[in-house]
Every structure is written in C-alpha cells, then in structure tokens.
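Number of protein chains: 2
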Amino acid sequence: MNIGEVAKKSNLPAKTIRYYEDIGLITPLRDTNGYRSFRESDMHKLAFLGRSRALGFTIEDCRNLLALWDDQDRASADVRAIASEHLEQIERKIADLIAIRDTLSHLVQTCAGDGRPDCPILAKLEKFPT
Amino acid sequence: MNIGEVAKKSNLPAKTIRYYEDIGLITPLRDTNGYRSFRESDMHKLAFLGRSRALGFTIEDCRNLLALWDDQDRASADVRAIASEHLEQIERKIADLIAIRDTLSHLVQTCAGDGRPDCPILAKLEKFPT
DNA sequence: ATAGGGCTTCCAGTAGCTGGAGGGTCAAGG
DNA sequence: CCTTGACCCTCCAGCTACTGGAAGCCCTAT
Chain A
1 MNIGEVAKKS
11 NLPAKTIRYY
21 EDIGLITPLR
31 DTNGYRSFRE
41 SDMHKLAFLG
51 RSRALGFTIE
61 DCRNLLALWD
71 DQDRASADVR
81 AIASEHLEQI
91 ERKIADLIAI
101 RDTLSHLVQT
111 CAGDGRPDCP
121 ILAKLEKFPT
Chain B
1 MNIGEVAKKS
11 NLPAKTIRYY
21 EDIGLITPLR
31 DTNGYRSFRE
41 SDMHKLAFLG
51 RSRALGFTIE
61 DCRNLLALWD
71 DQDRASADVR
81 AIASEHLEQI
91 ERKIADLIAI
101 RDTLSHLVQT
111 CAGDGRPDCP
121 ILAKLEKFPT
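Chain order of the listed sequences is A and B.
Reading the first sequence from the start, the letters are residues 1 to 130 in my numbering.
Reading the second sequence from the start, the letters are residues 1 to 130 in my numbering.
The reader is advised that the hints may include incorrect statements.
DSSO-like cross-link-like pairs, simulated, lysine-lysine; straight-line CA separation at most 30 Å [stated by the list, open to error]:
(1) A:Lys124 to A:Lys15
(2) A:Lys124 to A:Lys93
(3) B:Lys93 to A:Lys93
(4) B:Lys127 to A:Lys124
(5) B:Lys15 to A:Lys8
(6) A:Lys127 to B:Lys8
(7) B:Lys124 to A:Lys93
(8) B:Lys124 to A:Lys127
(9) A:Lys124 to B:Lys124
(10) A:Lys124 to B:Lys93
(11) A:Lys8 to B:Lys127
(12) B:Lys9 to A:Lys124
(13) B:Lys127 to A:Lys15
(14) B:Lys127 to A:Lys9
(15) B:Lys127 to A:Lys93
(16) B:Lys93 to B:Lys124
(17) B:Lys93 to B:Lys127
(18) A:Lys9 to B:Lys15
(19) A:Lys93 to A:Lys127
(20) B:Lys8 to A:Lys93
(21) B:Lys15 to A:Lys93
(22) B:Lys9 to A:Lys8
(23) A:Lys15 to B:Lys124
(24) B:Lys8 to A:Lys8
(25) B:Lys15 to B:Lys93
(26) B:Lys124 to A:Lys9
(27) B:Lys9 to A:Lys15
(28) B:Lys127 to A:Lys127
(29) A:Lys15 to B:Lys15
Hint data in this document are derived by calculation from the structure and do not stem from the laboratory.
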C-alpha cells in the first residue's frame, strides 16, 4: 500500500505518517522506486496511533503504549499507569478551563458590546488580580 | 526599574518580558548602560498581558486587546468580539476534553491494572473507531 | 582586585505537525 | 513516443509562546 491509500484509510495526513516514520513510530518497507510500502501491521499501528492521539496522549505516551501493545507479556498495570496519569492531566486542564470560562463568560455578559468605549473586560484585564 | 524588579512585580519571567519586547508588545526605554528601563506604563502593560495570557488569550489577541485598551475611542463591541470568540473556543475545548475524559476514565476503571497482560485500554486503542 | 549577581545578546530547542520547493515515478491518453 | 497529471520522494522552514544556555558586559561590596 502506498502512503496515499494509507492516509485515506487511517484518516491521517500523509505528512503526519512520514513524520511518524521519522521519529521511529513506524518503519514501513520501501519499494524499489523508493516509495514507502505499508503492510497491514503498519496500518494497524497507524490506526492505534490515530486513536491514541485523538485521546490526547502525547507522542511519547503513544510510543510507550505501542511498545506495551507489542509486548505480549506486558502488565496491564503499566498501561493503566500511563492512562491514569494522562487522565489526571486532563482533569486538571478541564478545571483550569472551566475557571477561565466562568470568568470570561461573566465578563462577556456584562460588556455592553456597543459603540461606547466603556468595557468591563478591559477593566478586569487592567485592574484586577489574576 | 530594571527587568529583575519588573519580573518580580509582574510575576512574569524576565525571559518572557524580553520576548514581549522582541515581538513588539512593549517598548521599554534603555539606560546608558544598555539595561532596559521600565516605566510605570510598561509595568501596567505587562500586568495586563499577564492577566490576558492567564485567561488563555493568544499573543495576537493580547496585541489587539492592548491596542483597544490604549484607544480611548474604542468600541466595547470590538473587545467583546475578541473575548466571546475566545470563549467559544474554550467551550469547544472543554467539551472535547470532557468527552476524552469520560472515555478515558471508563477505560481506566475497567482495566485491572495488575500483572496480567489483558487490558481494555489497549483493546480500545487497537480496535474501536475514534 | 575580585567575587557575586544582574544585565545584555544570540542561538537552539520544545510538541507535533504543516507548507512548500524542487524533483523523481507511474499510468493513461493522443 | 510523448505528454499530462497525479502520485511519491527529501529537505528546509515555520507555527506558538516561550525556555535554556553560552558568552560576555556592568555594578556593588569587600
């Protein structure tokens, strides 16, 4: 399979797939013309990567998850450790964003949003502590 | 005021302050020895920037907000437009993260996390659609 | 005079791609 | 046989918003 087809099937841009090869996440074969030749196992890994990335795992997490996936003797505890660490980060991020959203949505609501210059948003950014 | 003091007062790293000068957000004066010399107005802008950034505005948003702040004839509508655009992005991000969190927390809960290799997290990453 | 801390500039690196230049390859149509 | 267009290749640069570090000047205190 050439990269274009793989890109379509995996729903990843060809650029990204090449990048994943660059950083050693996959190692497709090469045809005599220099074109990458993807096996089923490569496709499989790319699908895995796509889903892991969609869940927000970092590339390094993905690398580790992929290694565990390949390792038939893995301990599920190792997988879970990565996932729950990531989960905690996400919880923190959500909390941060919610705090920001609350502040911001209050400000937006109190701003007239007309032609006059008075603006509680600017006032907040100017005066109040973070 | 030298950069060290400003950094302390504004709670921004000196590196960041220099960076903000680089990209034209502030333009402190210079002493004869080449040291940056910050006026009150620079401090004020840095505080504004710190708070804007803490609310997650991009640097370009900050640049625009700062310009509006400086402009006594601004329309509050312009400020509000920036803020509510940003707010929408945050809402979207929160929604995305919550979806991820729900998936992930379910997976983490169903994974035994022991010495055995069976792992629903890997199973999900392997098999199911994004 | 020297030691320390603070200041300067400039260069490189972070994460995870993405865009583009410049060029080779392949299959189909004329 | 030639051309056209759609592929593919590599390499380099750029994105965000900093951050770290090297090399070196400046200032103050001892």
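Status of the hints after comparison with the structure:
1. Restraint check for Lys124 (chain A) and Lys15 (chain A): the C-alpha separation of about 43 Å exceeds 30 Å, so the hint is violated.
2. A hinted pair counts as satisfied when its Cα atoms are at most 30 Å apart, and Lys124 (chain A) with Lys93 (chain A) qualifies at roughly 23 Å.
3. Simply put, Lys93 (chain B) and Lys93 (chain A) have alpha-carbon atoms about 10 Å apart, close enough for the 30 Å limit, and the pair holds.
4. The hinted pair formed by Lys127 (chain B) and Lys124 (chain A) fails the criterion: a straight-line CA distance of about 48 Å is larger than 30 Å.
5. Proposed proximity of Lys15 (chain B) and Lys8 (chain A) is contradicted: the alpha carbons are some 43 Å apart, above 30 Å.
6. For the given pair, Lys127 (chain A) sits about 18 Å from Lys8 (chain B) by alpha-carbon distance, which is consistent with the 30 Å threshold.
7. A distance of roughly 23 Å separates the Cα atoms of Lys124 (chain B) and Lys93 (chain A); the hinted pair therefore holds under the 30 Å criterion.
8. The straight-line distance between the Cα atoms of Lys124 (chain B) and Lys127 (chain A) is roughly 49 Å, outside the 30 Å bound, and the hint therefore fails.
9. For the hint pairing Lys124 (chain A) with Lys124 (chain B), the CA-to-CA distance comes to about 45 Å; that exceeds 30 Å, so the pair is violated.
10. Using a Cα cut-off of 30 Å, the hinted pair Lys124 (chain A) and Lys93 (chain B) holds, with the two alpha carbons roughly 23 Å apart.
11. With a C-alpha separation of about 18 Å, the suggested pairing of Lys8 (chain A) with Lys127 (chain B) holds against the 30 Å cut-off.
12. Between Lys9 (chain B) and Lys124 (chain A) the CA atoms are separated by roughly 18 Å; this keeps the pair inside 30 Å, and the hint holds.
13. Restraint check for Lys127 (chain B) and Lys15 (chain A): satisfied, since their Cα atoms lie roughly 24 Å apart, inside the 30 Å limit.
14. Taking the CA atoms of Lys127 (chain B) and Lys9 (chain A), the gap is about 14 Å. The hint holds against a cut of 30 Å.
15. Between the alpha carbons of Lys127 (chain B) and Lys93 (chain A) the distance comes to roughly 27 Å, so the proposed pair stays at or under 30 Å and holds.
16. Among the hinted pairs, Lys93 (chain B) with Lys124 (chain B) is consistent with the structure: their alpha-carbon atoms are about 23 Å apart, no more than 30 Å.
17. Distance check on the hinted pair: Lys93 (chain B) and Lys127 (chain B) sit about 26 Å apart at the alpha-carbon level, within 30 Å; holds.
18. A C-alpha spacing of about 45 Å is found between Lys9 (chain A) and Lys15 (chain B), which places the hinted pair above 30 Å, so the restraint is violated.
19. Taking the CA atoms of Lys93 (chain A) and Lys127 (chain A), the gap is near 26 Å; set against the 30 Å cutoff, the hint holds.
20. For the given pair, Lys8 (chain B) sits about 26 Å from Lys93 (chain A) by alpha-carbon distance, which is consistent with the 30 Å threshold.
21. Only pairs whose Cα atoms come within 30 Å are accepted, and Lys15 (chain B) paired with Lys93 (chain A) is accepted, the gap being roughly 25 Å.
22. For the proposed pair Lys9 (chain B) and Lys8 (chain A), the alpha carbon gap of about 53 Å is over 30 Å, so the pair is violated.
23. Note on Lys15 (chain A) and Lys124 (chain B): the hinted pairing holds, with a Cα-Cα distance of about 25 Å set against a maximum of 30 Å.
24. Proposed proximity of Lys8 (chain B) and Lys8 (chain A) is contradicted: the alpha carbons are some 52 Å apart, above 30 Å.
25. The hinted pair formed by Lys15 (chain B) and Lys93 (chain B) meets the criterion: a straight-line CA distance of about 29 Å does not exceed 30 Å.
26. Proposed proximity of Lys124 (chain B) and Lys9 (chain A) is supported: the alpha carbons are some 18 Å apart, at most 30 Å.
27. Annotation: proposed proximity of Lys9 (chain B) to Lys15 (chain A) is violated, straight-line Cα distance about 45 Å (limit 30 Å).
28. Restraint check: the Cα-Cα separation between Lys127 (chain B) and Lys127 (chain A) comes to about 52 Å, which exceeds 30 Å; the hinted pair is violated.
29. The straight-line distance between the Cα atoms of Lys15 (chain A) and Lys15 (chain B) is roughly 33 Å, outside the 30 Å bound, and the hint therefore fails.
Violated hints for the displayed structure, listed by number in ascending order: 1, 4, 5, 8, 9, 18, 22, 24, 27, 28, 29.
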